[in-house]
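6 protein chains.
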Amino acid sequence: MPTVIVKMFEGRSLDQKRALVKKVTQAVSETINAKEEAIVVMIEELKKEDYASGGILAADK
Amino acid sequence: MPTVIVKMFEGRSLDQKRALVKKVTQAVSETINAKEEAIVVMIEELKKEDYASGGILAADK
Amino acid sequence: MPTVIVKMFEGRSLDQKRALVKKVTQAVSETINAKEEAIVVMIEELKKEDYASGGILAADK
Amino acid sequence: MPTVIVKMFEGRSLDQKRALVKKVTQAVSETINAKEEAIVVMIEELKKEDYASGGILAADK
Amino acid sequence: MPTVIVKMFEGRSLDQKRALVKKVTQAVSETINAKEEAIVVMIEELKKEDYASGGILAADK
Amino acid sequence: MPTVIVKMFEGRSLDQKRALVKKVTQAVSETINAKEEAIVVMIEELKKEDYASGGILAADK
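Those sequence lines, one after another, are chains A, B, C, D, E and F.
Take 15 as the starting number for the first sequence in the working numbering and just add one per residue.
Take 15 as the starting number for the second sequence in the working numbering and just add one per residue.
Take 15 as the starting number for the third sequence in the working numbering and just add one per residue.
Take 15 as the starting number for the fourth sequence in the working numbering and just add one per residue.
Take 15 as the starting number for the fifth sequence in the working numbering and just add one per residue.
Take 15 as the starting number for the sixth sequence in the working numbering and just add one per residue.
Just so you know, these hints were derived from the structure itself, not from any lab.
Heads up, the beta-carbon is just placed ideally off N, CA and C, and yes, glycines get one too.
Treat each hint with caution, since some may be false.
As the list claims (entries may be wrong) - Computed list of lysine-lysine pairs in DSS-like fashion (alpha-carbon distance at most 27 Å, straight line):
(1) 21(E) to 62(C)
(2) 61(D) to 61(B)
(3) 75(A) to 36(B)
(4) 21(A) to 62(D)
(5) 36(D) to 49(D)
(6) 49(B) to 75(B)
(7) 75(B) to 36(D)
(8) 49(C) to 61(A)
(9) 21(B) to 75(E)
(10) 75(F) to 49(F)
(11) 21(C) to 61(C)
(12) 49(E) to 75(E)
(13) 61(B) to 61(C)
(14) 21(E) to 21(C)
(15) 21(E) to 62(F)
(16) 61(A) to 61(B)
(17) 36(C) to 62(C)
(18) 49(D) to 75(D)
(19) 75(A) to 62(A)
(20) 49(A) to 21(A)
(21) 21(C) to 62(A)
(22) 36(F) to 61(F)
(23) 61(E) to 49(E)
(24) 21(A) to 75(F)
(25) 61(D) to 75(D)
(26) 75(D) to 75(B)
What the hints assert, rightly or not - Derived DEER-like restraints, expressed as beta-carbon distance ranges:
(27) 40(E) to 49(B): 42 to 50 Å
(28) 47(A) to 27(E): 28 to 36 Å
(29) 29(E) to 50(D): 42 to 50 Å
(30) 75(A) to 30(D): 33 to 41 Å
(31) 75(D) to 49(B): 41 to 49 Å
(32) 47(D) to 61(F): 19 to 27 Å
(33) 27(D) to 30(A): 40 to 48 Å
(34) 15(F) to 29(B): 37 to 45 Å
(35) 33(A) to 30(F): 22 to 30 Å
(36) 27(E) to 51(F): 30 to 38 Å
(37) 50(D) to 49(B): 36 to 44 Å
(38) 68(C) to 23(D): 45 to 53 Å
(39) 52(A) to 40(F): 15 to 23 Å
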């Protein structure tokens with residue numbers, strides 16, 4: 015704890031994920047006073063056909 | 015917001031997903047007085063080997 | 015299954031929740047061919063201080 | 015209800031999943047007095063590149 | 015990891031929660047070969063007005 | 015999208031939440047090339063009696 019879940023579209027590179035979890039961990043640590051080693055980040059990737067806003071799939075926009 | 019997550023078995027067609035997000039968005043908008051364009055729907059698909067009720071995998075039923 | 019999670023701001027009445035779960039269940043049933051009795055809806059309410067877009071809390075907008 | 019979500023690294027066999035959902039269902043049933051047939055378990059598998067602790071991906075450890 | 019989320023109706027005692035997390039942790043550890051100290055369990059409590067099956071709130075059943 | 019969910023113990027101040035969502039939004043924006051205004055952050059607070067590691071509630075540690 016804290017545990018952070020990032021839902022984003024698929025397609026990011028391993029380097030982008032590496033940077034994402036590092037920076038998000040630092041951001042959480044600095045602002046809510048949690049040790050970095052206690053912070054967990056999970057990434058959940060979605061396809062464009064599995065996300066909609068306004069009733070329309072991202073795949074159709 | 016509102017944000018709706020639909021967990022369902024994999025295997026639905028793109029047309030079914032298209033109809034699903036449209037109708038769910040309308041249902042939420044009408045009943046809790048939210049603008050359609052502010053409503054997000056995410057679909058998460060599960061395999062039959064990743065879902066159980068009564069302690070038994072759907073894949074074994 | 016399917017299982018639907020609706021995340022929304024707190025403050026809706028019991029009648030709104032009643033209508034919400036009924037209409038969402040119908041919307042899911044009609045569009046992906048699932049029996050109504052198998053559909054589960056869970057509501058998760060958030061405070062305005064627990065939701066942000068663009069880096070700004072809803073409580074501050 | 016209750017509904018249990020197990021997030022774990024990918025790679026477990028079907029037999030391990032079968033045992034997991036059975037034992038977890040029993041554990042929940044015994045301790046909080048819920049009927050086994052009402053208990054749902056969902057498994058969500060993560061890749062090692064989608065999980066980090068201490069700001070470092072499991073894939074890099 | 016693994017991380018287990020248990021969604022259940024509110025109202026269980028602290029002793030029930032204590033037993034729940036202990037037994038669930040053991041069940042996960044034994045069946046998927048994970049160390050107990052690496053297993054996390056989170057409990058999320060729902061009100062009966064925030065859960066529906068078949069389009070009807072648990073509060074109305 | 016992206017949508018970030020931060021699960022943490024209850025008790026942080028409004029100022030800490032304000033800083034948290036701002037910094038996390040910047041961290042996501044910079045590393046995966048997403049516009050800040052498209053990024054959503056939701057905070058979910060847990061009690062110490064609703065979180066366990068190693069089978070022991072945080073409330074008992």
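Hint-by-hint comparison with the structure:
Between residue 21(E) and residue 62(C) the alpha-carbon distance is near 23 Å, which keeps this suggested pair within the 27 Å criterion. Between residue 61(D) and residue 61(B) the alpha-carbon distance is near 16 Å, which keeps this suggested pair within the 27 Å criterion. For the suggested pair residue 75(A) and residue 36(B), the alpha carbons sit about 14 Å apart, so the restraint of at most 27 Å is met. Note on residue 21(A) and residue 62(D): the hinted pairing holds, with a Cα-Cα distance of about 16 Å set against a maximum of 27 Å.
Proximity of residue 36(D) to residue 49(D) is assessed by CA-CA distance (about 13 Å); at most 27 Å being required, the pair is judged to hold. Between residue 49(B) and residue 75(B) the CA atoms are separated by roughly 41 Å; this puts the pair beyond 27 Å, and the hint is violated. A threshold of 27 Å between alpha carbons decides the hint, and for residue 75(B) with residue 36(D) the separation of about 14 Å falls inside it, so the pair holds. For the hint linking residue 49(C) to residue 61(A), the alpha-carbon distance of about 26 Å falls within 27 Å, and the restraint holds.
Of the pairs offered as hints, the one joining residue 21(B) and residue 75(E) holds, with about 24 Å between alpha carbons and a cut-off of 27 Å not exceeded. For the suggested pair residue 75(F) and residue 49(F), the alpha carbons sit about 41 Å apart, so the restraint of at most 27 Å is broken. Annotation: proposed proximity of residue 21(C) to residue 61(C) holds, straight-line Cα distance about 11 Å (limit 27 Å). Under the criterion of a C-alpha separation no larger than 27 Å, the hint pairing residue 49(E) with residue 75(E) is inconsistent with the structure, at around 41 Å.
Of the pairs offered as hints, the one joining residue 61(B) and residue 61(C) is violated, with about 33 Å between alpha carbons and a cut-off of 27 Å exceeded. Under the criterion of a C-alpha separation no larger than 27 Å, the hint pairing residue 21(E) with residue 21(C) is consistent with the structure, at around 14 Å. With a CA separation close to 16 Å, the supplied pair residue 21(E) and residue 62(F) stays within the 27 Å bound. For the hint linking residue 61(A) to residue 61(B), the alpha-carbon distance of about 16 Å falls within 27 Å, and the restraint holds.
Distance restraint check for residue 36(C) and residue 62(C): the Cα-Cα separation of roughly 26 Å lies within the 27 Å cut-off, and the hinted pair is therefore satisfied. The hinted pair formed by residue 49(D) and residue 75(D) fails the criterion: a straight-line CA distance of about 41 Å is larger than 27 Å. A hinted pair counts as satisfied when its Cα atoms are at most 27 Å apart, and residue 75(A) with residue 62(A) qualifies at roughly 9 Å. For the given pair, residue 49(A) sits about 23 Å from residue 21(A) by alpha-carbon distance, which is consistent with the 27 Å threshold.
Note on residue 21(C) and residue 62(A): the hinted pairing holds, with a Cα-Cα distance of about 21 Å set against a maximum of 27 Å. Taking the CA atoms of residue 36(F) and residue 61(F), the gap is near 24 Å; set against the 27 Å cutoff, the hint holds. Taken as a hint, the residue 61(E) and residue 49(E) pair is broken in the structure, with Cα atoms around 33 Å apart against an allowance of 27 Å. Distance hint between residue 21(A) and residue 75(F) is unfulfilled; the C-alpha atoms sit about 31 Å from each other, more than 27 Å.
A threshold of 27 Å between alpha carbons decides the hint, and for residue 61(D) with residue 75(D) the separation of about 13 Å falls inside it, so the pair holds. Distance restraint check for residue 75(D) and residue 75(B): the Cα-Cα separation of roughly 39 Å exceeds the 27 Å cut-off, and the hinted pair is therefore not satisfied. Taking the beta carbon of each, residue 40(E) and residue 49(B) are about 47 Å apart, inside 42 to 50 Å as hinted. At about 31 Å, the beta-carbon gap between residue 47(A) and residue 27(E) stays in the expected band of 28 to 36 Å.
A hinted range of 42 to 50 Å is violated for the C-beta pair residue 29(E) and residue 50(D), which are about 21 Å apart. Hint check: residue 75(A) to residue 30(D), Cβ distance near 40 Å, so the stated range 33 to 41 Å holds. For residue 75(D) and residue 49(B), the hinted distance range of 41 to 49 Å is satisfied, since their beta carbons lie about 44 Å from each other. Restraint check, residue 47(D) to residue 61(F): a C-beta distance of roughly 21 Å satisfies the suggested window 19 to 27 Å.
Under the hint 40 to 48 Å, the C-beta atoms of residue 27(D) and residue 30(A), about 31 Å apart, miss the expected range. Between residue 15(F) and residue 29(B) the Cβ separation comes to about 22 Å, which falls outside the hinted range of 37 to 45 Å. Restraint check, residue 33(A) to residue 30(F): a C-beta distance of roughly 24 Å satisfies the suggested window 22 to 30 Å. Restraint check, residue 27(E) to residue 51(F): a C-beta distance of roughly 45 Å breaks the suggested window 30 to 38 Å.
For the pair residue 50(D) and residue 49(B), the beta carbons lie near 43 Å from each other, so the given range of 36 to 44 Å is met. A hinted range of 45 to 53 Å for the beta carbons of residue 68(C) and residue 23(D) is inconsistent with their spacing of about 34 Å. A hinted range of 15 to 23 Å holds for the C-beta pair residue 52(A) and residue 40(F), which are about 21 Å apart.
Consistency note: the structure conflicts with the earlier hints numbered 6, 10, 12, 13, 18, 23, 24, 26, 29, 33, 34, 36, 38.
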